[in-house]
Amino acid sequence: MRGEIWTSPKVFTILLICILNSLNLWEERKNLKPPQSWKVTKLLWEIFLGIGLISTLISPYPIRSLLGQEQMGDGLLYWLLIAIFTLSNALLLRVYPEIARAQLTGLVIGGAVLAISIFPQVINWRLDYTATSGQLIQSNILASTIFQGHQPIGLYSHRGHASFVLAAVAVITLVGWQWKWIPTRLAAIAGILIIPALLLTQTRAGLLALMVAIAYKIGRKHYKFIIPAALACLLVIGISTTTRQIDNLPLIKQITSDRVHLWEVANRGIQKHPLLGWGMNGFGAAYPSVQYRRKLANVVRLGDFTFDYKHKDGRILTAQLPTVKAHNLILDTILSVGLLGLIQSIIVIHGLIVVILITY
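With the first letter of the sequence shown counted as 1, position 150 gets the number 164 in the working numbering; the numbers rise by one all the way through.
No lab work stands behind these hints: they were computed from the structure.
Keep in mind that the hints are not guaranteed to be accurate.
Below, a list of computed lysine to aspartate or glutamate pairs in the EDC-like style, where the Cα atoms sit at most 16 Å apart [stated by the list, open to error]:
1) LYS194 / GLU112
2) LYS24 / GLU42
3) LYS24 / ASP88
4) LYS24 / GLU84
5) LYS309 / ASP327
Keep in mind that this is a model prediction, so the values were computed, not measured.
Given these sequences and hints, build the entire structure.
As structure tokens, this is what we get:
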């Protein structure tokens, strides 16, 4: 359900942008001279995708690794699209540098729209902006499978996704305003909308990312703001933690949203395939073999939400797949593409940041 509503349209949109970029670049192919930095970035992407391909080929579920899980959609083909989008857009900006400011403005406006979509959901949790908005399948679950406790999600399927986008757009707005690419009025309006919306998502990782990025950005010139910003960050995260009680769990489980168990499962999965992982979307692939290791002979079928396995006594049983993520970026990356893939993904991200800083 969530895949049909949110994931598939997102992937299809990225595909259309890649096609449009490629067509524009094809028209300018005679005048196109990729810089050395672009060639290096392309090589870094190729190495990462190469590791992902090897992980997919040796994965116990290669088709799952290639296409991704229904809700996540982040299989190898998805990351190939992201690489094509990143590289083609970089070349497009080189051919048409004037569109860089328009793209940045578009991101800020999009972040403001996302922020606006969050406020009504705080008042009425049944709003999810889908065709079945307001309809329930249970007293606390919408027809789109969104739980009451998971709101507000904005225009996404998870409030964590929304919070990271809001945090990223907030930083982009600050940078764009400092570069004088974003008008002061637009930056102020975006900030007034985005910051409260981000706080309302109560997602600590997004808040922490925003605080760290802003502290880094302003700290070099205004170091006196670092300590107050750090204290504000801790205060907000503390409030978020103490107001999100989960069935009176112990403090450590409250702080981690009861994800310690998932991390333990992830750790055992990593020990089985440390270098190249289990293939894309690795946690879901590793979960049956790790969690049911004492009674599992082999996995018969791995679905999106359940899996069938052969018990050691010969019975074919079905069990629930509670989640396909460890909710930890590092662990999820290692489970998918191993330690080699994690190292290469860090190199890719670092390379992209360096190119952006050099270019602008």
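Hint check results:
Note on LYS194 and GLU112: the hinted pairing holds, with a Cα-Cα distance of about 14 Å set against a maximum of 16 Å. Using a Cα cut-off of 16 Å, the hinted pair LYS24 and GLU42 is violated, with the two alpha carbons roughly 27 Å apart. A C-alpha spacing of about 11 Å is found between LYS24 and ASP88, which places the hinted pair at or below 16 Å, so the restraint holds. Only pairs whose Cα atoms come within 16 Å are accepted, and LYS24 paired with GLU84 is accepted, the gap being roughly 12 Å.
For the proposed pair LYS309 and ASP327, the alpha carbon gap of about 8 Å is at most 16 Å, so the pair holds.
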